[in-house]
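Heads up: the sequence lines are chains A and B, in that order. Here numbering that gives the first Met the number 0 is used: position 4 in the first sequence is 3, and no number is missing along the way. Here numbering that gives the first Met the number 0 is used: position 318 in the second sequence is 317, and no number is missing along the way.
Don't take every hint at face value.
[Unchecked claim] Below, computed lysine to any residue pairings styled on SDA-like, alpha-carbon distance capped at 25 Å:
hint : chain 1 : residue 1 : chain 2 : residue 2
1    : B       : K42       : A       : Q39
2    : B       : K298      : B       : L321
3    : A       : K102      : B       : L60
4    : A       : K42       : B       : L43
[Said to hold, decoys possible] Pairwise CB distance ranges, derived in the manner of DEER restraints:
hint : chain 1 : residue 1 : chain 2 : residue 2 : range
5    : A       : L328      : B       : E183      : 28 to 38 Å
6    : B       : G316      : A       : T195      : 55 to 65 Å
7    : B       : E219      : A       : R307      : 49 to 59 Å
8    : B       : K59       : A       : G122      : 33 to 43 Å
Derived by calculation from the structure, the hints in this document are not laboratory data. From the three backbone atoms N, C-alpha and C, an ideal C-beta is built for every residue, glycine too.
2 protein chains.
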Amino acid sequence: MSDGEFDLIKSLRESLSLRRLDAARGLVRSIGDDAAVLRQSSKLDTVITTDLLVEGVDFKLTGDEATDASVIGRRAVAVSLSDIAAMGARPRWLLLSVGVPQKLWERGFARTLIFDAMEYAAGFGVVLIGGDISRTPEHIVVDSIVLGEVRRGRAVLRSGARAGDQIFVTGSLGGAAAGLRILEGSRVRQSKNLETAERGLVARQLQPTPRVELGALLGERRLATAMIDLSDGLSSDLAHLCRESRVGARVEAESLPLDSMLESAGIVADDALSLALDGGEDFELLFTVSERDARKLPKELDGVRVTRIGEVTRERGKVRLLRDGRARLLRPGGFEHFRRDDEAGAR
Amino acid sequence: MSDGEFDLIKSLRESLSLRRLDAARGLVRSIGDDAAVLRQSSKLDTVITTDLLVEGVDFKLTGDEATDASVIGRRAVAVSLSDIAAMGARPRWLLLSVGVPQKLWERGFARTLIFDAMEYAAGFGVVLIGGDISRTPEHIVVDSIVLGEVRRGRAVLRSGARAGDQIFVTGSLGGAAAGLRILEGSRVRQSKNLETAERGLVARQLQPTPRVELGALLGERRLATAMIDLSDGLSSDLAHLCRESRVGARVEAESLPLDSMLESAGIVADDALSLALDGGEDFELLFTVSERDARKLPKELDGVRVTRIGEVTRERGKVRLLRDGRARLLRPGGFEHFRRDDEAGAR
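Let the hints inform the model, and build the full structure from the sequences given.
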């Protein structure tokens, strides 16, 4: 899972003393990473993730049903593919559970959603093998489940970063959050009038591109020591990685690869930085590499840049942002579905 | 998946020509069985199923939140465990995607649901390894994903029944549908006044028992030639099995193991037979065994009876019911979420 929301489950599991059972069964990693890792054979480990998208929370309908169905289906798959990529694994199989109101079903909504999701997955070599369809009273829900494979022991966890490791991200940052803001702003209904840059930013939100090849490459070549995908936002996701690795981090503001469309859309520097740090859903990969291996990293793959943004420190739990020669503490400011302190207690 | 609803996906997949890719990847079986089967190693196959339960469609709230959370969580897992059992496999791992409205979250609903589901799964040796939690605008949704293992090539499909095979069911029939009727009737709100039998029937609906041990045994000993779990109802599920196996069936009405609580609750014979045939969600196993192997079948396991109810015929696609010396054609009358002819065309 990509959010910290499942933290409470971790403690519940511990109260059931399931840990010994896990080891006996070949569970390598479960709650608290982008995906669970299962040891299935002497050569391969299986990784598996599930992502629930809910209408009105994770997406809104525009009224153009064919487009909505397609965008939702593809996005659900993209989110799960990104989780598998963040494990350094290669995605293989997809299951989709889809709930739609009766009226949308009658108009072929579920069929379009599933077909387009399946076609999209096939483009990454991923095959739909199962799922479930249900009626819902009102809102659309999609649960996307993806299984991937990785060579035994090569899954990249969140917990492997060491002080001195270099921190990298793929692609660019802040675009998806800017796109969401545009969608939620007043201009949504005149989508045909959106400027090119704004349309590009909206596409970053609605049609994220999971970094499937880069993720698999980082796992196969054993380059990343730890990895997570940017679903909650850099400040939150880097905090997750640091917490699991029991390290800290220092990030250089001027190194952050801000989405170039932010400037084109007239978003000023401070705002762009805040979108890059705290805006979620870029679905880029954030990973750490030992100093020795950093030069082996490709500068880009299939046109996707890889950018060094900082380094891992010994300051456990602390993420610092360097800007204009000054360092400030970076607090997790990304999106979470629920405020954790509602019920799960202190972190 | 347990319903015929995913039929449309089958044709969509074929239009994408994914079949060759399936074989190359080690996909043994996907859409159209209780679970998908993946070849993972030289010794074991992995089976995987997903089941989406939606408030207002698959369950209703009673207002007692702690009980509701527990019942929904356990039921979601039970439904998936039943799918794995119907493959002759042993369940191993669980993932849960849970969506709840903000207010219920604040009152600990999701925590209770997940904890009780996890505890329930652990009772079957199944470990929670992941999941996702989301807010929903209004209704609760739970997607339960279970992975199981079976010795290579021993997964029991729906498609293996041959003419002359004997047809069996586990446990008893009609109880869950009667329980649903009681829940939906006027007496729901005076649940403390329900008669013992009625309470028992309600429990059959709310707390089904997946036939985990019997399913695994039938797979391990290679006794069942085909198997399906009774989620839609005997008439529908037997039709699914016959369709996949390209055979017909003859069922003897007087052999059907009607739930004894039906009579205790004052449900008359014709009504009881109709509940047993067309009522869904008993989550018993329906399976076929070659005449030669039929005597090797245990009469019961852990107190769960195994009852012969008929035999497989060559009359492809036809299921006949024998009653009082007369045969009539049995049409699928079980529950489906959507009427298939809404959009998927003729079967």
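Taking the hints in turn, this is what the structure says about them:
For the given pair, K42 of chain B sits about 10 Å from Q39 of chain A by alpha-carbon distance, which is consistent with the 25 Å threshold. For the hint pairing K298 of chain B with L321 of chain B, the CA-to-CA distance comes to about 23 Å; that is within 25 Å, so the pair holds. In summary, the hint linking K102 of chain A to L60 of chain B is supported, as the alpha carbons are separated by about 24 Å, within the 25 Å threshold. Among the hinted pairs, K42 of chain A with L43 of chain B is consistent with the structure: their alpha-carbon atoms are about 13 Å apart, no more than 25 Å.
At roughly 57 Å, the beta carbons of L328 of chain A and E183 of chain B sit outside the given window of 28 to 38 Å. Taking 55 to 65 Å as the suggested C-beta distance range, the pair G316 of chain B and T195 of chain A conforms, at roughly 57 Å. A C-beta distance of roughly 53 Å is found between E219 of chain B and R307 of chain A, which places it inside the suggested range of 49 to 59 Å. Separated by about 41 Å at the C-beta atoms, K59 of chain B and G122 of chain A satisfy the suggested range of 33 to 43 Å.
In this structure, the one hint that does not hold is number 5.
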